[in-house]
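Enquirer: Protein chains in written order, with my numbering: chain H, 1 to 337; chain Z, 338 to 650; chain G, 651 to 1309.
In case anyone wonders, no lab produced these hints; they're calculated from the structure. It is possible that part of the hints are untrue.
Said to hold, decoys possible - Residues on chain H that point at chain Z, a partial pick, calculated with CB under 10 Å:
id, residue
1, Tyr170
2, Met187
3, Ser262
4, Ser319
Idealized CB from N, CA, C, for every residue including glycine.
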Amino acid sequence: MNPNLLHQLYNLSPVALVGIAIFIFLRARQTPLWGEAFRRLARNPSARTAMAVIGIYATIGLADSVGWYDAATQERRTVIDAIFERKPERTYSAPLAEMTTGEAKPQKIREKHILGTDSIGADVFYRTLKGVRTAFQIGGMTVLIVTPLALLLGLTAGYYGKWRDDVITYIYTVLSSVPGILLQIAMVLVLGKGIIQICLALGITRWVGLCRMVRGETIKHREREYVRSAKALGVTDMVILVRHILPNLLPVVIISTTLGFSNLVLSEAILSYLGVGVPDNVGSWGNMIDAARDELARDPVIWWNLTAATGAITGLALSLNLFGDALRDAVDPRLRS
Amino acid sequence: MLRFVLRRLLQAIPTLLGVLTLTWFLFFGTASAESIARRNLSSKDPTPAQVQGWIKEHGYDQPPVVQLRKATVDMLMFKFGKSDATKEDIWERIRQGAGPSIMVSSTIFIGTVLGAVLVAVLAAAFRGTYIDKTTTILCVIMMSVVYTVYVIGGQYFLSKQLRYGPIWGFDPASGLFKYILVPSAIGFAAGIATEIRLYRTFLLDEISQDYVRTARAKGVSETRILAQHVLKNALIPIITNTVAVIPGLILGGLLLENFFGIPGLGSYLFEALGSNDFSVVRAMVFLGTLLYIFGLIMTDIAYAIVDPRVRID
Amino acid sequence: MTLRIKVPVAITALAAAMAISNIGCTNNPYPAGESKRNVHYLNFGEDPKSLDPTFSFTTVESNVLDVITPSYFRYHYLQQNPVRLVLNLGTKEPTRTRTPDGGEVWTFTVRKDLRFSNDVCFPESKGRAITAADFIYSWKRMADPKIGYPLTGVFEDNVIGWKEYAAAFNLDRKGMADPNYDKPFPGVTADPNDPYTFSIHLKRPYPQLRFIMAMHHTTPQAREAVEHYNDEYARHPVGCGAYKLTSYTPKQRLVLERNENAPSDIYPTEGDPGDREAGLLDDAGKQLPLTDTLVFDMVRESTSSWNLFLQGYLDETTLNANNFQQAMASNGMLSPQMQEMGIRLRRAQQSAVYYVSFNMKDPLWGGYTPEKRKLRQAISLVLDSQEFIDLALQGNGTPAQWMLPAGLFGYDNEFKHPYRTVDVERAKKLIADAGYPGGKDPKTGERLVMNIDCAAITAAARTQYGILKRQIERVGVKVEIRSTPGSIFRDKLIKGSHQSILYGWFADYPDPENFVFLLYGLNSGPGKPNYAYYENPEYDKLFEKVRDMDDSPERLTLLNQMRDMAIEDSAWIPFYHPEVVTMSHAWVANTKVHPIARDVLLYRKIDNNLRAQKQAEWNKPVWWPLFAFAGIALAGIIPGVIVVKRRVNRKLRAGGGAS
């Protein structure tokens, strides 16, 4: 396959993700369970705010995925680059400052920077925006890797039981016994640095939790009346799994995924500290926070990098958490007080 | 009971084998024995003879199956051997490091569990009021902050600006409390939000049960219901959720140990990874697995003790 | 009811417990009372891998070892212009005699008053007297291949019988016998008439042997200690230096105490101009060491160590490229606040050089044709050392005109590298002449790619490589930074699969041979430092002459010829000479920095009282935020309690019912 084509596909994957999400949403709205849930959500003010914020982030991420090849710099340029990229200054400068800071003879700044500049003079606001896409990619691709895998294996283990269950349980017990850090570091060392590799590394450690839950729920449902009767009526296993059990699992899976998404975004930052984060030429909040460790100890203190990155991560994670909670409350009838 | 535990331990052996195999692949899949030897031999570059000598001495020239067999037998007898990088006795280091790790992580653990139960009960008692809503929002916000920011910010404010405890160091002889104070406070703050929300969910689950409605109808006071019935029943999922992590406390928290200079096992593992020290990594992974399995066993036992409906077969 | 009682009781109990154990709460990380003694607190950022004097090679380890295991020579502490060797354990300058077959014999005579420190490995734990035999034993250990002496390559072809002796060791081990250190070593012999004299027999003259005898590898070692401690010897060296190692918790803390058996040693009585005014001769003539105990803390995070220093719990801290930015104010000077605290800053140029080198084996950037030369020269012309030093190193460095740092024979203050004065226009012209106008390949229209390989990027490295990239791209070329984990990076260097690197070389000893050998053809390959894989037969011929010469005008001429040759090829571009900067508190005296010596801790003096006073002053806990926090929390809860009580009362009055 043409490597250029692969590259283009990879770049457009966030667009694809968003497309899939919208499609699922529209289809789900038609079902009674989800339609009711969405209506309830729409009435919840904090959920509305959370969704709006997520929407803003998603738009930024999308804008950063649409790009073209710029012959002058021989690099890819996206919409975000076109609007927000600034010429670099010499070095650090505080938000909206006139002069550089952190060097012997401060120089005058060429343009205004809302959030200041970092150690090589890049605009911090721009860098923060570039981190959005990475966060969504990590969250999104890991989810894309983890969910089908966990569903497949969890359903198989829970429904068929016996040796299949034993094998799958064995695999995930082994995987969850190895300290997560070791797995992640080792996988990045084996596969090299890159977003996909990090997603694989994060995915490997995460799918266990989801798989276990799916397996547990499947076992519960396996014994239910409707499944037993379906079996008695001669319905094939495949149909039972897909048409009956799977939809019952979806609420749990979707809520766990939404909450897990925010955990993944947070994990990226920790991976940077461990030295196996996203490569440096890709925007990343984790790298910004990692660099900030030393910056706080400087004189004068350089605080804007850390603040910007933390603000961005917290904003996204908070919104995802609020949205996930509201979704869970909306879908689960018992939790209304 | 004893038979149950023994059986589970026996069942654990294939898991341990799997873990050791996986660790071996992760290690030698990423770096050849030569590069590991070179790394550990000298800061300057060693001769090929020295490299081969090192490999032979550590047994990495044997075929993988032989290595695995030897490793499994050794590990099961807790003969961890010596570190590749520093030639220290690994078991000694683990024993020395376990203490500090346990001290910090168990303080965090106890504090978090007690604190979370307390706040969750309050939130459940005052559910629907602004107390509950504020708690929820605060918890979600706290859960959305990156852990490294907690550590960095916590050290900056608590140790540096406010000077409540040493920035670094660990000397139990001169007052354990001051060394544990700040790291525990940070670990507590970082982890409590998730626990509060979890316990609150358990409590609310219980409150919505039929027997609560019956009790209320019969005129039992809210406080009594909460304290005597709901809490006790909610303890089942609470305990089973928390017991699993207890064995893991020995491994400690890597970030806190690094920043605060606590000579625990978390940073030991991390350094071993950084210096490609296979024998240490293997020993620590083995230990971690063993502890994890203990945790699973303890969860099952705790479940059986706390919930009269469950019996251990 | 029970809940309402239980909770406040629990809280009070907890508070009481905290208050009780809080008595005497300070943020002093050290054991109680320790910092009131005559102790000097330092940190190392990375754990010493091994303190076996024969094996150890890093700076961190040398800082500890050189005061425990001294050698025949050492560097004069104060006189640094140029640096010079003075006798330490030796009684006189060694004699050098030529042998008829072109070899050389050096004869060393050591002091008679040397004793090892008291240690359990000796009978009755008393350190015994040292003779030449202990020096010879040390050389035998250097030849032992299992131990891994880093400079084996230098000696195995030069010292008579080294290779055979080493091979014999290997034979011994294969036969599972203990290596036989009793066998005589033809290369290093004892004098039958004088137990304090020994000789080293070389096949070729090697003037730099003097410097080797200043490194801790050649310290006298006690066979009892090696055999007693075995694998633990790497954590328990035993020597005759001013200090002995009394406790070592790996990765945590290392303590050195005064060695009661140390030979008499006094503080230098002469120094460089300016030393007297700086107070560096106030302790002239006093018995060394001036401090009883040295404590090294292993503080892994640089933020933590920096903050510890600011709180006064670390007496001094040495900065390097990774933490320059933290320590100093932007202009490379101390901030007013730090000056007020009495902190002092001292700096010196290190015997080191950082360079950018291309891999001559690379198809694009390597090669000896005129076009490739121009290509590399173009890059050389756009590298701006001064900007790099200002932005990435807080001004702590000097642009390098060639390899040799100041203070070395062969260093020329007036010399200007023809391609190191920044000239972007000329660079663009050169690169066009090389066949790549605008930095683009005319055949494909794409910019040339220059890959800079490096190990994993830290925050400081990101700044450095970012600046480098910015500078180089001015000439039109595209720069890619290929960062890989450290072990993979080292593999690349060894295999020669890298394209270009920014790397540093720190002198083992202050002789130009130790620098110019970086471009010696036979030094390229696994385990050798010629990472440019530069192979120039003319250069090599000159090198082989220069290597064995003593300092003289002829040597200088040859060195300059080698320099001019290498400059035209521009495979190796000198970038900057780093500085070592030490910051110390007001209560630490004698903190002059030395470019190459590592035993400088001998001279430190601590004023305990001043330190105790300052520590107390700077570290009073701030209590008000805690009270404020508690106050707010309480204030938040009370209205809620009132509301719920009202709600419950209302329900009771209404006669119960569902909530």
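Enquirer: Taking the hints in turn, state whether each one holds.
Expert: Verification of the hints:
1. Against a cut-off of 10 Å between C-beta atoms, the interface hint on H:Tyr170 holds, since the closest Cβ of chain Z lies about 7 Å away.
2. About 8 Å separates the beta-carbon of H:Met187 from the nearest beta-carbon of chain Z, less than 10 Å, and the hint is met.
3. Interface restraint check: H:Ser262 against chain Z, minimum CB-CB distance 7 Å, threshold 10 Å, status holds.
4. With 10 Å as the threshold, the beta carbon of H:Ser319 comes within range of chain Z, its nearest partner Cβ sitting at about 8 Å, so the hint holds.
Violated hints: none; the structure is consistent with every hint.
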